[in-house]
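Novice: If you read the sequence shown in my numbering, its first letter stands for residue 1, the second for the next number, and so on.
Mixed in with the good hints there might be a few duds.
Here are the simulated lysine-lysine pairs, DSS-like style, with alpha carbons at most 30 Å apart [claimed, not checked]: (1) Lys308 to Lys180; (2) Lys272 to Lys180; (3) Lys272 to Lys308.
I should point out that these hints are in silico values taken from the structure, not numbers from a laboratory.
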Amino acid sequence: MVFNFRILSFSGATREVGRTVDNTGNQLRRFSLIELQVATRNFDHENWLGEGSFGVVYRGRLADGSLVAVKRLRELSEDSERQFQTEVEVASIVHHPNLLCLIGYCNVEKERLLVYPFMVNRSLDFLLRQKAFQPLDWPIRMRIASGVARGMAHMHDQCHPSIIHRDVSCSNILLNADFKPVVGDFGLARIMHERDIVVGNAGGSIGCGSVSAAEVGYGAPEYISTGKCTRKVDVYLYGNMLLELISGRPFFHFSGLRNDWISRCMNENMLKRVVDPTLQGNYLPEEAERLVRLALLCADDDPSVRPKMSEVILLLENRLHGPDHSSRSSWSQSECDSTPYYSFPPSPSLEMAI
1 MVFNFRILSF SGATREVGRT VDNTGNQLRR FSLIELQVAT RNFDHENWLG EGSFGVVYRG
61 RLADGSLVAV KRLRELSEDS ERQFQTEVEV ASIVHHPNLL CLIGYCNVEK ERLLVYPFMV
121 NRSLDFLLRQ KAFQPLDWPI RMRIASGVAR GMAHMHDQCH PSIIHRDVSC SNILLNADFK
181 PVVGDFGLAR IMHERDIVVG NAGGSIGCGS VSAAEVGYGA PEYISTGKCT RKVDVYLYGN
241 MLLELISGRP FFHFSGLRND WISRCMNENM LKRVVDPTLQ GNYLPEEAER LVRLALLCAD
301 DDPSVRPKMS EVILLLENRL HGPDHSSRSS WSQSECDSTP YYSFPPSPSL EMAI
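Put together the whole structure using the sequences plus the hints.
Specialist: Structure follows, in structure tokens:
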């Protein structure tokens, strides 16, 4: 099956202030530009938190005293408008403790801004890279692995329609004051509207779009080569994230030999070479080994070998015996025969032909 996706359009886009009710009855606040200028001190550099493909993120304080993160579009284009609309639409569907909630937005003239709760401990990527900070201890890392899995499983199985994130990474996992993880940045997400299904066959020839430059090298190999995307693409990204969480090393540190090197270390009982040295051995070896093998399973090149996110949760809770990574066993034979694939149009500004 092939899914096409609609683009959300805003009615009354010229209104600056108001409320938008999502499909669960929750309200998204429509901010005025002036409100957000005041909150961020006119986007003062001292309030700068970071930036990405969408734009720059600033710390802000609303009139009621609450701290927020304000994501401001760098430049209005067809691609950035699509990302903005996707984030607002996804916010109307996802409601889970491990998924970042959207407080509101502003879309007036050429300004596009998104307002989120402020996450005191910033991103997982930030904490793993900043050696000046105390390293994340092992129990916190396990809670992060579990929380992210729960959020992703909710997107895949509990949201109606379900959602493929497509951009799960350490930089998009935010942490609150208690280090509870929330998955954010839904700009590249795709909502799988049933009404847009086009009947197809995974084994047949299905048209595919281009893959953005940001996804090349980090995304699942079948997605990079064909542009066809299933939930298993998110599982692959989760596996990559787990390996970074365990090792404390960025994905590109390992180049293309990463999985082979880690597998060899595991087979030769050299777990300590894989685990983040800043932990100084303060972890449970059996638990760490199980997490590494789960990460390798999720990041397998063969999508049929990867578990579903709901199965990942069971494996993390040690309630399900998964196949040995070396066995190449398939989790779901039915998925080898007929898989729902989602083909996306090329991105106007970030596309890279494959």
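Novice: Regarding the pair lysine 272 and lysine 308, is the alpha-carbon distance no greater than 30 Å?
Specialist: holds (28 Å)
Novice: Check whether the Cα positions of lysine 308 and lysine 180 lie no farther apart than 30 Å.
Specialist: Roughly 22 Å between the alpha carbons, so the hint for lysine 308 and lysine 180 holds.
Novice: Does the alpha-carbon distance linking lysine 272 and lysine 180 stay inside the 30 Å limit?
Specialist: holds (26 Å)
Of the hints listed earlier, there is not a single one the structure fails to meet.
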